[in-house]
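Each of the two chains sits in its own frame; use the hints to bring them together as a complex.
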Amino acid sequence: MDPITLLTVIVLTVFVGFEVVSKVSSTLHTPLMSGANAIHGIILVGAIIVAGQLDDPWLIAVALLAVALATANLVGGFVVTDRMLGMFRGRKPAATPKDTTK
Amino acid sequence: MSLLSAEWTALLYLIAAVCFILALKGLSSPKTARRGNLIGAAGAALAVITVFLSAKLDNIPLILLAILVGSAISAPISRRVQMTQMPQLVALFNGVGGGAAALVAMLELGHSDGPWVLVAVVFTMLVGAVSFAGSAITVAKLQELITTRPVIFPGMKWVMTLAAVAALVVGGFVVATGSTGWALLLLVLGLALGLLLVLPVGGADVPIVISLLNAFTGLAVAASGVVLDNVLLVVAGTLVGASGTILTRAMASAMGRGVSGIMFGAFRGGSTAGSTVQSDRPVRSSNAEDVAVMLAYAQRVVIVPGYGLAVAQGQHTIAELATTLEARGVAVDFAIHPVAGRMPGHMNVLLAEANVPYESLKEMAEVNPEFKNTDVVLVVGANDVVNPAAKTSPGSPIYGMPILEVEEGRQIVFLKRSMRPGFAGIENELLFDPKTTLLFGDAKDSLTKVLGAVNAL
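These protein sequence lines map, in sequence, to chains U and F.
In terms of this note's numbering, the first sequence has 9 at position 9, counting the first letter as 1, and numbering is strictly consecutive.
In terms of this note's numbering, the second sequence has 279 at position 279, counting the first letter as 1, and numbering is strictly consecutive.
Hints are computed from structural coordinates only; laboratory data are not their basis.
Remember, predicted model here, so these are calculated numbers, not experimental data.
Take these hints with a grain of salt, some might be off.
[Stated by the list, open to error] These stretches of chain F come out as covered by chain U in the derived footprint (C-beta under 8 Å, 3 or more residues):
id : stretch
1  : 20–30
2  : 63–75
3  : 346–357
Glycine residues also receive a C-beta, built at the ideal position from the N, C-alpha and C atoms.
Isolated chain F, as found in the complex (with noise of 0.2 Å):
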């Protein structure tokens, strides 16, 4: 049925793109960011209802039992989902929105012809399965089913310059021939390099290279807009593909990295340097009591949260420590690091999930200075955004990464599980520093004992 007709058709799509560049101008700003999101998705659904009322289509009951489908998984995970597993969640969806452009453009191979239109589906599988295979990866590193660790083995960038290579001569048999056998070995090309890309990055560069991919698909889902004629395709792609380069750009930044650094770097050797083993050099561990009293009796204190206390939901219990400690009349500020968790502004979620005062957050090139006059820094569940290593050991994965400089601190309290090195997988020597102090146990827990320690001073 086509209810409407190709110039009613035109001009819905032409609203659905307009509320797409709306939407990603709304997420710019946190007033508006949210407003933003639900104008895309009002877009989104008109777009989707005009294609049902334009095109003729086939199958229309099956059509609708997969997008069926498709809401009933996604949906409910996205509720209930933890913060904590929010970034793979993400990389996830990206993936098979990868996978669902490189299908598209296979299935559209029989229908296409003329040059630019071939190039345009071979563009789309590669890139679309490139993305697919990197965001399992990234999903695979950041769930920890593998290491975090960069993989790389002898000879691997002569393997991927190799299925590179073969990717664009398959790629240009499927353009000569249009036959679904070079096609579908494209696609198992593309896979292939997806892993080969994303399994070099150590873990602490994850969030970016999802950013990178999420750039990736929306080019896909352009290239495919070309292979259909469809122009709606053609400038959301684009647009994503453009916001998602910027973005990518402004993370790795925010890093003090350069996106080629994050995606080659464990290539260049060297920065496989840290170890794995655990030192057994002597630490000075402490109980919550004395930490409680190191606290109260300070006149400055700066807490520096991490992915340890996303992972052991402790944002409320700490929210009530810094309550509970201005009461005695210590200031108490917090320190974000811009990547400490799992993804840029985590920690500023968190936090404002409970309550924390926007004002009490301070940014880095903020604090950072501010650590000399501090009496007590609390590092809950952090490290490499807190490790010198960053600034002293040119050989460590994290070398030039902006930290923020607690060992300027006159004394270090670090509440941590374990003495497991970080998410990029190096030793933190501010541990072994005389000013440190270490409090084991999963951070809510012990942020409960340091609270009713305070409380009964």
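Bound-form chain U, shown alone (with noise of 0.2 Å):
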């Protein structure tokens, strides 16, 4: 990739970035920096593809580290977030009808 392509997806990818929590209330903090932190555990793509691309043993035992090391961030992530969202369900019957929170 040239590096103005490279630069300008980051740049924008950092405005969608800042705009999408730009609004967030404080009671789902915690789920969001837990499903922010499930998403960098993506970095099992680039482990995946650098232990597919080695030959000496030594090195392919570090790259498969990186790739246990990351789908523990990935797949822990994503069930530890779940968890902490499916805790929100219970109020939904003690609420009344109207909903207030918008």
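Now the structure itself:
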């Protein structure tokens, strides 16, 4: 990728990143942090590419460690976020029919 | 094997990137949060399948085995971990992600040429290592494996400056020579910087540091995308870096702090005030029956839950106590401090689990003016978030943090395990106030006794 295209992608992504989380209530700070944490587990893709290109057994071992760590980040991150959010369900029956959140 | 052409690969990565944006968007609103998380997981799964179908890979059985091991360890832990330990787990996952990014960049050092790619390698290694070591310290602090108080030693500021300068110089050598030896030294310096950065942070600020390190890992992943020429890693990493930065600032401002004050506040002196020694000044302690009478004959009760409630798993008992009191005609509300517990929103999650109606949970700004009309404030396992030192003593580490103004209440009841100070390690003057009553013991045991006594009235 040429540097200017790369820079364009990065700058636009920064704005998207700022924009999507700009109005989040403090109740959701932790699940949001946890969800973002899971997303950077996508380094797994990088770890797989690197591990698939090596011949030296020691380097392969290091790369496989990276694959396992990245998987833990990715899978664990999404599971723990889901569990956190699952606990928000209980209040629906107790709440009044009128929606008070918005 | 490459079953997919470069165009299809790019297209599928684009879909995955859009999934991540939708995931963050969904997670910002209570209604769509869970679906958002699932969309993110689907995007990740799509990306991983795409890489297997598009890149020329050797060692596929070994890679699949490593993925299996990583999932087999992380998924069960995530399912079983106690609510109280979730912040540690998030920090741990963040740290291993940073570590993985650092390793990926180091392995790519030999294949990288061009100064900008080498700069990206250095950046990924350094930031990934900082995130790994820093997260390890936050986990140790949250598990209370090490002290939760700021750790500083004389000259730490200079050691830190030296380490940072050394890292930049060594990073320069890596770019110039591409040598593995220098790269290993860079990794060690990154780990040292991570330790030095997080050790001086006080216990109560740890959740914010986790969020900051989360943004760091995002940036490391973005840089690894530059190294590997992979646009998905660039987009996903930048997304997390940007949203993580905004989130960190939002969390810090919920505590009335600036991010730099949290990271470097301990160096400015003064904030080490407060003591670990327990005072032996007299306090008024009482029994469950007296507390039950106070609660049952009050008109208005506000419950302030804290970490102690989460530790004791007392959320169902307190929900039952609230229902029982309301059946007797007492108005009961819960006052939720934004950072009560060990992570923002901790108490909302905990009480939602016990089916406490959403309308009973009052946020700080809403409930603070009501304390002076409250007969009894019941503080269950909270300490720092009701400590008036945040308003009155400028030397205190929590000075400036907005608190729940429970000192305005007519009577205050603390359910506490002991006189031990809170997570921030500072004593609470309110415990010695004449209108304060203490009931010692595990929060759940105490609540069960109070509930029994209320029912017996």
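Hints and how they fare:
1. Requiring three or more residues with a Cβ within less than 8 Å of a Cβ of chain U, the coverage given for the stretch 20–30 of chain F holds, as 9 such residues are present.
2. Restraint check on the stretch 63–75 of chain F versus chain U: 10 residues with Cβ-Cβ distances below 8 Å, three needed, restraint holds.
3. For the stretch 346–357 of chain F, the stated coverage by chain U is satisfied: 10 residues place a CB nearer than 8 Å to a CB of that chain, which reaches the threshold of 3.
Hint compliance for this structure: no hint is broken.
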